[in-house]
Each structure stands twice: as structure tokens, then as C-alpha cells.
Amino acid sequence: MATALHNQERLPEYLNTQLAIAVRSIQWSYAIFWSISDRQPGVLEWGNGYYNGDIKTRKTVQSIELKEDELGLQRSEQLRELYESLSVGEASPQARRPSAALSPEDLTDTEWYYLVCMSFVFDIGEGLPGTTLANGHPTWLCNAHSADSKVFSRSLLAKTVVCFPFMRGVVEMGVTEQVLEDPSLIQHIKESFLEIPYTVAKNSSARSDKELACATFNREILDTRPIPAVECGELDISSPNGNSNGQPAADSIMVEGLNGGASQVQSWQFMDDDFSNCVHHSLNSSDCISQTIVDPVKVAPIFKNGKVNDQSLQDVQDRNHTKLTALDLRNDDLHYHSVLSCLLKTSHPLILGPNVQNCRQESSFVSWKKAGLVHTHKLNSGTPQEVLKKILFEVPRMHVDGLLDSPEHNSNKVVVGRPEADEIGASHVLSERKRREKLNKRFMILKSIVPSISKVDKVSILDDTIEYLQELERKVEELESSRELLEARTKGKPLDTVERTSDNYGSNKIGNGKNSLTNKRKAPDIDKMDPDINHNVSKDGSADNITVSMNKEYLLIEIKCVWRDGILLEIMDVAGHLHLDSHSVQSSTIDGILSLTIKSKHKGLNAVSISTIKQALQRVAEKC
Amino acid sequence: MENSTQDSLLRLENTVTYESPYPLYAMAISSTPSRTNQYHQRIALGSFIEDYNNRIDILSFDPETLSIKTHQNLSLEHPYPPTKLMFSPSSVKKSNDLLASSGDYLCLWEVRDSASVKPVSVLNNSKTSEFCAPLTSFDWNDIEPKRIVTCSIDTTCAVWDIEKGAVETQLIAHDNEVYDIAWGEARVFASVSADGSVRRFDLRDKEHSTIIYESPRPDTPLLRLAWNKQDLRYMATILMDSNKVVILDIRYPTIPVAALERHRSSVNAIAWAPQSCRHICSAGDDSQALIWELPTLAGPNGIDPISMFSAASEINQLQWSAALPDWIAIAFSNKMQLLKV
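Chains as they are written, first to last, in the UniProt record's numbering: chain R, 1 to 624; chain D, 1 to 341.
Since the hints were made in silico from the structure, they are not lab data. Some hints could be false.
[What the hints assert, rightly or not] Straight line, CA to CA, 27 Å or less: simulated DSSO-like cross-link-like pairs of lysine-lysine:
id, chain 1, residue 1, chain 2, residue 2
1, D, K335, R, K390
2, R, K369, D, K118
3, D, K118, D, K69
4, D, K244, R, K369
Using the sequences provided together with the hints, build the complete structure.
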């Protein structure tokens, strides 16, 4: 096409406004001016830009608001500022980031994309802007999202991108919808707003009217689309099914479905058949654009009557959808992601934020919605934190209580508290727990005191304690009585002593031990002795009195002698030597006099006579 | 509405579920890759059966194929439910993985790949007879991997040297049962208790502890504690019967820096992100797992989570391991799910 561009000198500051006006007039999403870099010849870099797309922080989002041009300019400025601040941050991590009016969280995906574009550079001939500059013609890329990454790698945002050379660079404009290629649009832009005279061959005023009409159609359609392409009250990017919902493809802000299929850049060639029919309706352009698309994917055709054909739209969606292959973000978005990660100094999707995260379908998490009571949640009627509480409160008890003391008891207590998932329930559990805890502590103390306890369970602890106590009582009584006897002797009250002692042997005995002990001993009761036993007991407590009485095999020995150290042992020794098996020994010492009563059984073959025993014992007693 | 259910269906493709024959509570993810296949991650699951016979099962998870394998030989018996499970930290340069469990005692097990798991030691603190106060929780020190600190219902915390198999220190930490404990640095740990306080202990000064926080209503037990290992200034704790996750800054004791209050019922588990210092995940009785990002400045309405996941029933356990930073493991009723972040 013969284009005559007037390389008018244009002051840079107007460029911004011009871009703004231009993009707003056709209601596209953004316009970028790539300028030939001064620093690096042969390279295109970001010159200026205007962002006209969706903004997150505005709650009532319309994609196009003509009267808010001020806002738009400001927004673009803010985005630029933010980019700068982030890159400063990246370059010198120590430096505090200069504050920008916006922070990363405030941006929509499209804004992010726009921001990231600021980092791109293109060699001449590389990328869409590069090739445009090289060719010198405008290029119109439909289906940008499915473009080959060599051609157009920033394929996250725009579905349609148009580049045309302008002055010392390339103007790029993009929109998140599919827009049919329309060179007249470009002319329109150039002419009306950028004030570049543009002559198109074979142009007739009539045609230009039609083209204008087409342009108008575009606008109308954009207006009448029930859901503007870029509506997002909240950051609900997570609609990978946006495409398949039957809504126009334009609805999804992020192009999640990156088609595996490639599309080539349109150059000014004739279309293939699928397209020509549609296009011919709207533009009788034998001369103009055509697109070679490897996969005959229909873009949203715009028919002459201006109605969007939903049916074919549906087809488009379906085909798009079937071509959804696994996201290969690496290839397509490598630059985008790397820039993003540089900016945010991290490569983890979590931190890169929902912008990146949600475009990865892989996450199990969805964006949080405040009013998102999607699940009418069945509020549990049980105890809150039930399992956690059991693990902390009850499981340790299970260990302590042991098998015998059943956990059921404890859990029953908890059941009382369980239905009351409120204060009362909680304090029930608490007080129960405290009670149990106190009990257990005391059991442990008991266990540590009583030496004979070996087991941990409460029942054995108690049993052993009872035994121990009884044993202690016996000892105490024994000791007490012997003490009393001793006292009695010194004070000379033998009768008292006799009266005090209770014995099974009758009143003959002096210095008896405890009855209860004797009861326990499994000795045959020799208290009831046969009358033929002869024994003599002296009452007056004179020293060295030995009495031995025998009943069949059973012997009763009573000794009274002066106490000395070790005498008891010696007597027992003697008894042993005489083959006497003593099973009961009672002894007490009062006033230095030992009173000893031994019940024993004769073991051994030879019966020992009483006199022998007596003599032996006498010998011991008399030893000093 | 439909969008999000369709959404969640799609996203369910990226959750891996394991269904266990019994209810689960304790869970641990290994930091040591398996020797046979270095992409396999070992996960230990402890059962929660209110009875004497409980089990610990060890599974392998392959993040590439999104599959979970069980191993017949890697199953242990445990008396009563284990209260916590933990694998040895990555700083341990042992050939075989070590698994620690707490219950009546602190037990160490050696996991020999898929072959077998053998008990290594039973660490019993009691000096007299067999009785040892049961343990509610423990933590394994990343920097000094021979140290494990345990906490118990007898109000004490014990620091073990597991190589020697002996107690280094035992402290009376609180006035009441201690429920959770976490290491900060090599010699610093913090614990929470039924007395409602978070206390920080330094082994260099065992006489004193610092109270970092006390629950606003006295004697509201604090049930769980998580110390942000990426940024040691921050800790998170949860209270009994509360839907709040309280974030604390140890430089400013007693005043929480944030209270995350978006759960619709009480919170059961918390875990800081292993790869970021600003993210934390919480799960609770409302069946939701929420990921929060802590901003530098909170808005007036409080902090909202950035993303959420809804499980089928109340989530009782949550683990987010540095070995699998892209996955969060949750346990609810008798299922374990791995969620991709």
C-alpha cells in the first residue's frame, strides 16, 4: 500500500495526549509509542503510552468513559511512576522504593501487562513493532493471544494489536477483544487524531464513509455488548471457563486459553476461504487485508448489519476451547514473567500475586471473595476445634489413666460439654480437666511415697497403699507398746502392763506382742494348749526364767533374761541348732529384761527334749 | 456462582487426595528426598483413633505425576494417637530419614526408604519408674538438628539431645499445661499454654522467660503456635474456640500486630509459608484453608485473605513444608489432601 506519511515534527508532549485521544476514540485498551532509542540505535523502546483499559480500583467499571480523560491520563502516569519505582527497587535493593501513587496490588492484569510492556525493547525486525518498523507498513494482528512468540510474545493481554509506523517509531494499539482487521481504522486514527494525511489508494469518499461506518459499528458493538470486555469489579480473573461460557471471548480479561495453534501476522494478503465470506459481507475489500491463519479460527466477525452473530461466535469459542492445550507459560510469557519477577524480586507464583497466579490454572486455591458464601456452609453443631482439643486435652490423659481407668469415663464427661458449643461447655471441660489433673497428680505423689508400688494404674496404687498403711500401723503399735512396757517397768507398774496387753495366751503371759499380727500368722493356734503341757511361769519377773512346753511337735519357749546386745540373735541361733523351726517370736524389753516367747515346731528326726532346750537357752541367757 | 464451582472443579484437578482407613490428625512432610526417586516426597500420617491402637503410615508423593503411593512396610503402631509427627530437618546429613513422634514418649524412627522403618530410640524423661508426662507437642531445631524441645501437660518443656539420648534442660515453662512449642533460633524457643500466654525462652538464660502475648480474656488457652522461620520477628498463634489468627511481633510484646479474622468458625491449624516471609495459611472448622498476605499497612476493615480453598469437612491439620513449597497439605476427617499453591 502506498502510504504517505508526513513526518511531521511533533512535540513529544502532545504525543501522550494524541495517543490518548486516539485510543479512546476507537475505544481500544491501550496505545504505546515505541520510539527508536537514542541510546541504542536500531532498537525500539518505550516512548510513551496511554492506558485505556480496565482499572481495578474503580468499582463501577466501564471500559470506556470518554469524559474521564483526565483520569485516564493520570492513570497512565501513575503506571509509569510505578514502573519506575519498581525498577529502581530492583536495581538497588537497598534503596527504598520511591513511593508511587499505585501499588502493585491495585492493578488489574491488563494494567500489569501494560506496565510490563514498559520494559520491552525490540530490535528492528524483531517482534511486532520491530517488523512494522522494518516493513514500513501497518500490521494488524488478530488473535494476538495465539500468535507465535517470535512474532508477538506479549500475548497475554490483547487479542488484537495494531502497529503502524509513525514518525520515528511505531505506534502500537491493542484491544482485548477480537476486532476485525480494518485498515480504515488505522487511517482513521492517523488522520483524525494524529493528523497525518494518509492517502489510500482506491479510496473514495463513499468507501471511507463505509469504513467509518464500520468503525462506528465497532464502537456500537462494543457499547452494546452486555458485558463489557473488561469488567471486573473484583479481581476475579479466575475464570478460565470464560471462553466456554458462551460469552463473547472478549469477556475474559486474561487470555487464559492460550491456543496452541499459531497464527501468523497478517500481512496484506488475501484471506483464506473461511474468512473471505464473512469479511466480504462487511467490507467489500478485494484489495485490502487478508489474513493467513494457519488454523482457521474465526474471529468475531462483524457483519454488515452490525449484529454479532452469536452462533458463529459460539463456534469460535468452541474451537478456541478445543485448541486449549496445556498452558506453556514459559515460552509465551517468559519475558513477562521474568520482568515481573525482577520487579518483585521473586519468582514464586504466590508472591507474584494473583496476577500471575490465577492465570495459572494449576492452583488449587481460588481468589478469596468476601461475600463468597458460595457454599451454604453447614455450620458444625459439634464442639469447635473438637479434634484439636481431644489431641491436647484427652489423649495425654489416655496415657496417664492407663487401660483400666477407661477413657470412656473422661469422654463421657466431655460429652456433657459437647453439645454446648459455648461458654458453658468450655468451662465444663475445663473444670473436668482440672479435676482429673488434680487426681492424677495426687496419685503420682502417692506412688512416689509408697515404695512398694510398682504399677501405674490407680487401683494397684490404692491397694499397695492400703497394705503399706496397715503395715505401718502394726509397726507403730508394736513400738508404742514396747515403749510403754519400758516405761511401766521403770515406774514399777507391772500390773498395768499386764492389763494393757491383750493376748491370746491367757493372763500368764507377760510382754505380749500385737494380737493382730499373730492372727495373721498362719500358725496353728497354740494358745489353746492341752492341759498336759507343763509349764511354769513366774510372775514376778525374775531374771533368767526359761520355760519350755511341748505339745506334740509344737514347742512354746518362754524366756526371761537380762537383755544384752545380740541376745535375741543368739537365742534364735540356738533354737536353730536344736532343729527348731520358729514361726512365731514375740519379744519385748522392759527395764532391761528381755521377755521372749517363741513358738516353734520341731523339725528333724531326733526329738529334742525339753531339758536340752532349756539348758541350751540357759547357757545363752547366762552369758554376759 | 457457577463460575466458581466450575472453577473449583477445574482446580480440583490439581489437588491430590489420599483416603485413609481411619481419621487422621498428625502429619509431617519429609525434607529429605527419597533415595530411590528423588522426586518422591515422603509424608507421614498419624491416625486419630480414640483407642489404644493407633498407627503411623508413611506414604510417598510424586509432584510430577500427582500420585500417592502407600507402602505396606512403612506402617508403625503407636499407643493412642500421636500428638505430633515431624521428620528430621534438612540440615541433618543422614542417609536415612528420621521421623519423630510424640505421645507418651518422644520416639525416633529411622525410615529406610520403602523398605522398613525401625525404632531408633524412645526418649523417656522420667527418672522414676515408667511414668513420664505425656507430650502434647515438640519441635525439631533446624539449625542444631540434634536438639528437640518437647512440651507436656505437666507444665514443663524439655530440651533433648537426641544424639546422646538425654535431656539437656528441663524447664517449668508455664503455670498450666503446655500445648505447643516452636524453635526460633538455635537456642531460643517459644511455647503456648493453657494459661493463655506465649512465652519465649532463651537457653542461655534459663531463669527468665519473656511473655510475648497473653490472651485478652484470662485463661483462654492458646492452642497452637507457629514461628515464621523466614522472618523471626513474627509468630502466629490461635486461641481456643476462636476464629482469629493472632500475629505477634516479638519486638512489641503483648500487642498483636494483626488479627486475621475471616474464618467463619474456629481455627485449627496455622502454617507460615516456607518461601515467603509475608504469607501464612490457616485452616479451621469452616472447612476452609485461607492464604493470607500480610501487608505493610492494614486497611481499616482488617486483612482479607488472598486465596481460599474449601474442603469437604473441618480441616484439622495443615502442613506447609519447605521441601514442597508449592504444596499445602491438609487433613480432614480421614482424608489428606495436597493443594497446589
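Status of the hints after comparison with the structure:
Proximity of K335/D to K390/R is assessed by CA-CA distance (about 18 Å); at most 27 Å being required, the pair is judged to hold. A distance of roughly 47 Å separates the Cα atoms of K369/R and K118/D; the hinted pair therefore is violated under the 27 Å criterion. About 20 Å separates the Cα atoms of K118/D and K69/D, which keeps this hinted pair within 27 Å; it holds. A C-alpha spacing of about 18 Å is found between K244/D and K369/R, which places the hinted pair at or below 27 Å, so the restraint holds.
Of the numbered hints given earlier, the model fails hint 2 alone.
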